[in-house]
Each structure stands twice: as C-alpha cells, then as structure tokens.
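Novice: Residue-level listing of the chains:
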Amino acid sequence: MPRWGMVIDLDKCTACQACTVACLAENNVPWAEPEEAALGRAIFWQDVITDVEGEYPRVRARFTPRPCQHCEEPPCVKVCPVRATYKDEEGLVLQRYERCIGCRYCAVACPYGVRYFNWYEPQWPEPLDQLLNPDEGPPPETRGGRSGPEIRPKGIVEKCTFCVHRLEKARHEAEEAGKDLTDEELVLLPACNQTCPASARYFGDLDDPESTVSRLAESSRAFKLLEDLGTEPKVIYLKAGG
Amino acid sequence: MRYEGPREDAALFQPIVHTGWRFYVLLAALVIVVIWGVSAYYRQLSLGLGVTGMNRPVFMGVYIVNFVFFIGLSHAGTLISAILRIVGAEWRRPFTRAAEAVTLFSLPFGAGSIIIDLGRPDRLLNVIQYGSFRSPILWDVTAVSLYLLSSLFYFYFALIPDVAMCRDRLQDVSTFRKRLYELLALGWTGSGQQYRRLNVVMNIMALWLTMLVVTVHTVVSWIFGMTIVPGWHTAIIGPYFLVGAIFAGAAALIIIAAILRKAYHLENYIKPVHFRALSSFVLALSLAWFYFTVAEFMTVYYGDEPAHMVVFNAKFWEEFASAFWLTVVLCFVVPVVILGNPFTRTITGAVIASVGINVGMWLERYTVVVPSLTRPRLPYGIGVYRPTWEEWAITAGCFALFALLFALFTKVVPVIAVWEVHEAKELAIPEAVERLKSYFPGTVSATRE
Chain A
1 MPRWGMVIDL
11 DKCTACQACT
21 VACLAENNVP
31 WAEPEEAALG
41 RAIFWQDVIT
51 DVEGEYPRVR
61 ARFTPRPCQH
71 CEEPPCVKVC
81 PVRATYKDEE
91 GLVLQRYERC
101 IGCRYCAVAC
111 PYGVRYFNWY
121 EPQWPEPLDQ
131 LLNPDEGPPP
141 ETRGGRSGPE
151 IRPKGIVEKC
161 TFCVHRLEKA
171 RHEAEEAGKD
181 LTDEELVLLP
191 ACNQTCPASA
201 RYFGDLDDPE
211 STVSRLAESS
221 RAFKLLEDLG
231 TEPKVIYLKA
241 GG
Chain B
1 MRYEGPREDA
11 ALFQPIVHTG
21 WRFYVLLAAL
31 VIVVIWGVSA
41 YYRQLSLGLG
51 VTGMNRPVFM
61 GVYIVNFVFF
71 IGLSHAGTLI
81 SAILRIVGAE
91 WRRPFTRAAE
101 AVTLFSLPFG
111 AGSIIIDLGR
121 PDRLLNVIQY
131 GSFRSPILWD
141 VTAVSLYLLS
151 SLFYFYFALI
161 PDVAMCRDRL
171 QDVSTFRKRL
181 YELLALGWTG
191 SGQQYRRLNV
201 VMNIMALWLT
211 MLVVTVHTVV
221 SWIFGMTIVP
231 GWHTAIIGPY
241 FLVGAIFAGA
251 AALIIIAAIL
261 RKAYHLENYI
271 KPVHFRALSS
281 FVLALSLAWF
291 YFTVAEFMTV
301 YYGDEPAHMV
311 VFNAKFWEEF
321 ASAFWLTVVL
331 CFVVPVVILG
341 NPFTRTITGA
351 VIASVGINVG
361 MWLERYTVVV
371 PSLTRPRLPY
381 GIGVYRPTWE
391 EWAITAGCFA
401 LFALLFALFT
411 KVVPVIAVWE
421 VHEAKELAIP
431 EAVERLKSYF
441 PGTVSATRE
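Protein sequence lines, in the order shown, are assigned to chains A and B. Taking the numbering used here, the leading residue of the first sequence gets 1, the next gets one more, and so forth. Taking the numbering used here, the leading residue of the second sequence gets 1, the next gets one more, and so forth.
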C-alpha cells in the first residue's frame, strides 16, 4: 500500500504561484470577488505563504508553497463530528462533500490553515464559467465519498486532495495497459507539480525507499512545517540556501 | 378568569389571572425583535454564511459565543434549584421555579446557536447517522441533549403540585387551559404520600443534574480545549468555563427575580434577604472567576511561548484589549465594589452588578473564542472579524425569544413554586429549629445520628 507524500524544494521555488493557479483551474475552485478575497474568503487549496522579516535594507522574504500537509496524525480528522473528513488507506486526508455539515471545526483545528469554507454558492464570472474542469472526482466507492474537482455546494469545507482524481485516473489507465504506475509518472502527477516551471515539486510513495520523494526526504535540507506539533505531515520541504 | 383559594396565595396567582397592558407592549416589542432575527436568519440560510463577518482564519464568531453564553446561563436554574436543594439552603425557595425556567428556556438557544452556525443545517441528522465520538462536538451533543431532557423533567416534576393548584383554584378558565392543567397535573391530589415521593424524586434528580452541570460545561469548553489552538489548549479551561457559567447564571437570576418581584408585586415573597444571599454567592463566584483568570494568564505570561504570547498580547494590549479589560472591570471590579459593600448590596446594586456581569461574561466568551483564531501559527497575517448586522439581529432574536418564552410562562403557572414555599413554613422551619438545637450540648438529636 503506497503512502503518498510530496517534496517541495524551496531552493528551486521562485514563488511564481503557477502551482496556485493550476490548482484553482484543475479543482474547480470557486471564484471570490475582490472584496470577499479581502475578507479572507478566497479559496486556495494550494497557497504560497509570504513571510517578510526585517526592514529595508536588511529584508528577508520567505516563500512557502503550501498544499494540504496530509498529516499522518491529522488534527482535523479527530474533531470532525460526522467523519466527513478522514484519512484513507493510502494516507490521503480527504473530505466527503456529501456528508460535511459545515461546522468548520476542522478548519479551526488545522494548524496549517489548509481548510476552506464555501461562504456562498460557488460562482465564476464569464468566461471562467465556460472553462470548468469536466473531470469527475474519483468514484465515491473507491475513496469512501465524493472529493476532487466536482462542484461543491455552499456551506461545506473543502481542501487539497493531492489531486486524488488524477491519481485514480492514472492508476486506472495503467491497470488497463497491464502496467504499474512508475515513479516517473507519479512525480508530476498533481496539477501543481505538473505546472511548476522550476520543477521544484515532487510527488510519490513515501513507503517506497527507491521513490524520488523518499530519496529527497532523506536530504539534510529536509524539514516539515510545525513539526513539533506531532501532526507528522507528509509534505517535506527542502530548505532554501542549503 | 378568577382565583378562588386561600387568600395568602392570591398574589402568586395574580399574574395568571390578570394581565396588564404593559405585558402586551412587552410582548409586541419582543415579537418585533424575534421577527428581525428570523428574517436575518432567513437571509443567511438563502445566501450562505457569507452574510456574517466570519472568514478564514476566523471561522467562529458571535454564534459560538452565544452558544457558550446560553449554555452558561442555563446553569442558573440547576444551580439554584438543585445544588441549593442538596445543601439545604432554604433561601432558594422563592427562586427555584424562575431558575428552572431559565435553564429550560436558555438551553434551546445554546443548542440552537450551533445549528445557526452550521453551513448545512439541513444535514444536521448526519450527526446521529455518522456521529463520531472522537469529536468533542459529539460529546457536546450527548451532554447537552441529556441535560435538556433532564432539566425538562426536573422542571416539570416541581411543577405538578402547582399545576394541580391551578386546576383546582382557577375558575372561569378557557377549555384549552383547563385541559392543559388537568393533563399536566397527572391527577395530583396533594396527599402527604405524593409529596414524599415527589421530594425523593427531586432529591435524586438534583444530584443527577448537579453532575450534569459540571459535565456539560466542561464538555462545552473542551470544544476549544481539545484542539491545539493557542489560548484554547489549556487544562484550566474546563473549570474556568464552569465557574464563569455558574457566575453568569446566578447573576441572570438576580436580574430576573428583581423584574418578577417588581412587575408582579412579589415583594412579600422575594425579599431583600434573598437578594443578599444570592449576592454573596455571586460575589464569591466573582472572586473565583478572577482567581481562574489570574491562574490562566499568569501561566501563559511566565511560560512565554511565542505561539501563546501572540494571543496573550492580542488580548492584553492589542485589538481585543478594550473587550478584555472591560470584562475584568465588569466581572471583577464592579461586583466586588458593589456587592462587597453592605451599603451598596441592595436590590438595585445587585441588579446593576448582575447586568454588568452578564455583559462581561458574554465579552469574556468573545475574548476566548475570537482572538485565538485571529493569530494563525503560520505567517498568514492577522485575522480580522467584524460581526455583521445579520449576526447581531440573530443574537438579539435569540435573547428576545428567550424573554418571550419566559414572559409567556409567567402567564401559565405561578413563577414562585407555591408548594415549595408552603413546605418551608410547614416542614422546613420546625426541622431547622430541631437541627439547630442538635448542634449544641444538652439536647438529643431529633434526626438520625
């Protein structure tokens, strides 16, 4: 059984935000009016956190691309009153759209701020409404519920899935061809990774010692966000300037 | 409607028999506020929670504050009625009925505030179908529903003798009312055997409810305490919330008792001595609340952990400072000054202090819930939360509906438990004399050793 994880090399990342945009398009993330975005209502399953320290001329800016950390010990999963959010067998932390009651307790419990709420009915201005991703989420029976790019109703929580629908699709295609998914195919599988112009992002199986992500995770530059909280994230960062 | 019964109880039935124009004015005013709240909720339901001021990272706001506040308010009833019954505090007697009614009418708004806060209230039953006991919300659902059910029975059992009096003593009543009294009285005749049974049940229920008071408010606090959010994740939050709840509840009872006393001319029943007893109680709770506050913040301050200190600073010196310090003034400084001084510990003084305490405790809940959320651990920047008119309207609607239910209740049964007051005269006074005598040398105890 694979254990999916991601490695992000901060030395390579240029903070161009292409990952963010690719994610919005891939996953049919609803559009937020500028005034709503100013209120903190915009949804970014994948965001780039900007941290500027010091004052001119001694300024240090840090950029951290931030998908869901898909924790091994997810604080969000524990607090959900209806098991709408859960960690599946392969370690993905997913959200069942059809079950969530919109209490937002998970969003409060997540120390990484990766969970987003649909404050209104989702909408897209023209011509974005013509450009929605027609892909469906993985069949509910394979992942225990509806997740992925399918349009979410208002009043529920949504989050990054590591593009679980792309994973299912690739796996299905490989099965049809009678092959296994290779590490090479996996590395760029999520939309954010595929789009990254700097090739700073890697996806793969952390339980396979030969996989790209496993080898990179052993780097002396490797670290995790808020590691001391005991959440055991499966997103591993490689320190910049190493 | 006429009252035909012993003259001495006439004042207690007067509110049922006679309704003045002021009552209708109050009713109309409350109905208007309720309609305002309902229309705001309808707007929220059709448009989405976007009409509130909530956002990311401030995912919780006024509704959750109301939830904690109303549950806290509900502890007034059980506290006065159950705990004081157990310890045998005789001064509780004129307050019990009103106190139990506060519990019964405030609890639905505690539970209701959670439903108002949901993005998908239509999926509420998922909580039962897919309920996960790993989640503190499920602990709350269990504890609060148990508490609501138990309070309802406790309230009703204590009501039976008085409903029977209504059935027997009120003449020329409408058929509906007559049926209602007959049905609720359960064929009560008022025999000694029935009273003995009732007291046994009430004593058992009092113990059960006292346990529930502790459980319910601890579990409410654990919604916050069980997460690792700075400012919430502290062991003291359970007892801290509990003390605050009993504090606000007892203060609310002072306000309500004073209003009932004035509006229904119950000066003969609810006397300054009762307010003095309740005031001392509230004063002690104010000191306890302050002690918990100091214990909580001193630990955080001395520990000096960065993630906790940003929340501490937000409360002490930054944008939440006015709410935080106002809480300290209203919940500690004002009550201690007014209630600690025999000259100002009058009914008016107690009411002023109590209004302050309730405003203060609402603010305290606010400064527990919101500041922690505005300071995410990762450098996203500071969250800002400004409640919208919809949130205030819904809040006002909840309080108005609470008052409305309470007002209507005063027109159905006596607001003072008639049988409990009688019992004091007939049984409790002789018992107390015996007990007092038994404390001292030279007399043989009349009660069991």
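A hint or two may mislead.
To be verified - Computed Cβ-Cβ distance ranges for the label pairs, DEER-style:
(1) B/35 with A/37: 54 to 64 Å
(2) A/197 with B/122: 35 to 45 Å
(3) A/173 with B/130: 47 to 57 Å
Said to hold, decoys possible - One side of the interface only, derived from the structure: several residues of chain A facing chain B at Cβ under 8 Å:
(4) 79
(5) 111
(6) 117
(7) 209
(8) 229
What the hints assert, rightly or not - Here are some, though not all, of the chain A residues that point toward chain B, as calculated from beta-carbon distances under 7 Å:
(9) 86
(10) 119
(11) 187
(12) 206
(13) 224
Quick caveat, the hints were computed from the structure, so don't treat them as lab data. We treat Cβ as the ideally placed atom computed from N, Cα and C, and that holds for glycine.
Novice: Does each hint fit the structure? Answer for all of them.
Specialist: Okay, the hints, checked on the actual structure:
| no. | hint | in the structure |
| --- | --- | --- |
| 1 | B/35 with A/37: 54 to 64 Å | violated (34 Å) |
| 2 | A/197 with B/122: 35 to 45 Å | holds (44 Å) |
| 3 | A/173 with B/130: 47 to 57 Å | violated (33 Å) |
| 4 | 79 | holds (5 Å) |
| 5 | 111 | holds (5 Å) |
| 6 | 117 | holds (7 Å) |
| 7 | 209 | violated (30 Å) |
| 8 | 229 | holds (6 Å) |
| 9 | 86 | violated (9 Å) |
| 10 | 119 | holds (3 Å) |
| 11 | 187 | violated (26 Å) |
| 12 | 206 | violated (22 Å) |
| 13 | 224 | violated (12 Å) |
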